[in-house]
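Going down the list, the protein sequences come from chains E and V. Take the numbering used here: the final residue in the first sequence is number 130, and no numbers are missing along the way. Take the numbering used here: the final residue in the second sequence is number 213, and no numbers are missing along the way.
In short, the hints are calculated from the structure, not lab data. Misleading hints may appear alongside valid ones.
Partial list, derived from the structure: chain V residues whose beta carbon lies under 10 angstroms from chain E [unchecked claim]: (1) Asn33; (2) Ile37; (3) Arg43; (4) Ala45.
We treat Cβ as the ideally placed atom computed from N, Cα and C, and that holds for glycine.
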Amino acid sequence: MAKPNALRKQDSKETPAESNKLRVVHNLMSKSDPTKLDRLIHERIRLGIISALAVNESLSFKDLKKILNTSDGNLSVHARKLEEADYILCKKTFDGRVPKTEFRLSAKGKRAFERYLEHMETLIQAMRN
Amino acid sequence: MVANRNYSAQRTEPPALHTSAMNNIRFIRDMMERSASFTAVPGWGMTVMGSTALVAASIAFFCTAIETWLVVWMIEAVFAVSIGFVTMKRKANAADAAIFTGAGGKFMLNLCIPILAAIPLTVVLYQNGLAASLPGLWMLLYGVGVVTGGVFSVRVIQMMGYCFIGLGVAALFAPASWGNVFLAVGFGGTHILFGCVIAWRYGG
């Protein structure tokens with residue numbers, strides 16, 4: 002019981018600006034908030050895939066592997082998660098006998114990426130003000 | 010004490026999130042820069058460069074003194090670099106792309122170093138009476154710059170670079186009197202051909 006009381010006492014010393022900052026951060030990170038941080042994009046490899054596709058019309062599996070400096074298996078797993086969420090579109094073709102996988106960002110993925118960037122900017126802005 | 014320690018841990022959380030957000034933004038920017046291609050290579054600018062090279066080649070064809078021939082091609086080089094730079098800058102501005110940072114910066118650096126290396130080599134070869142090797146050397150070094158710069162641009166740029174390398178090597182082993190023809194085909198024809206392809210496929 003002593004711990005929460007002590008916390009409450011300390012919290013009461015917070016300035017309104019600090020409270021506001023904490024509220025913004027809490028809202029952005031909270032799972033219950035409808036505008037919560039998109040965990041699907043937040044993961045590093047997936048964030049890298051989305052970022053790279055945001056500035057390229059399409060990228061092959063080989064290109065993405067080189068840009069992200071990751072393994073085939075790792076890239077496959079993360080790309081599939083994004084594909085299942087309809088964030089990226091995957092097109093499999095054959096270059097002669099060699100299978101070729103091309104990825105491109107979907108409209109839904111673009112919107113999710115823009116929302117994620119806004120979240121990051123809001124977070125930075127909240128801590129600056 | 011325990012309560013205070015917990016509280017201070019709670020208070021340091023927001024700055025850590027702020028740092029994390031900054032790191033994420035940096036990571037996104039880095040990924041975008043690493044994956045972006047420099048597409049502001051000027052197609053129409055290259056066709057103009059090719060046309061001036063054809064004019065220079067026809068003037069140089071009638072030059073009897075090696076000094077005059079060299080001056081004609083030096084003037085053409087200055088013209089071509091100026092046209093290339095101005096048209097590239099215009100295309101980059103229109104596409105809101107940078108030519109000195111990111112993929113554009115890497116393209117420029119890789120393109121310019123072999124071109125700059127040609128300057129002292131030209132002086133040395135001329136002083137040693139080996140001016141006949143200059144057409145081959147110029148095209149070879151330009152081709153190397155275009156191929157290495159082309160790594161950061163669209164694939165057709167690298168193809169143009171390979172054409173220049175091939176022409177440069179051929180010119181080095183061809184009779185000296187064919188120098189002007191090689192320069193006309195290389196700096197003239199190749200620029201016009203690939204300039205049209207770039208303008209058609211990548212706009213302007």
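Outcome of the hint check:
Interface hint at Asn33 of chain V: satisfied, since its Cβ lies 6 angstroms from the closest Cβ of chain E, which is below the 10 angstroms cut-off. Evaluation of the Ile37 of chain V hint against chain E yields a held restraint, the C-beta minimum of about 5 angstroms falling below 10 angstroms. Nearest Cβ of chain E to the Cβ of Arg43 of chain V: about 5 angstroms, under the 10 angstroms cut. The hint holds. For Ala45 of chain V, the shortest C-beta to C-beta distance to chain E is roughly 5 angstroms, which falls under 10 angstroms, so the interface hint holds.
Taken one by one, the earlier hints all hold for this structure without exception.
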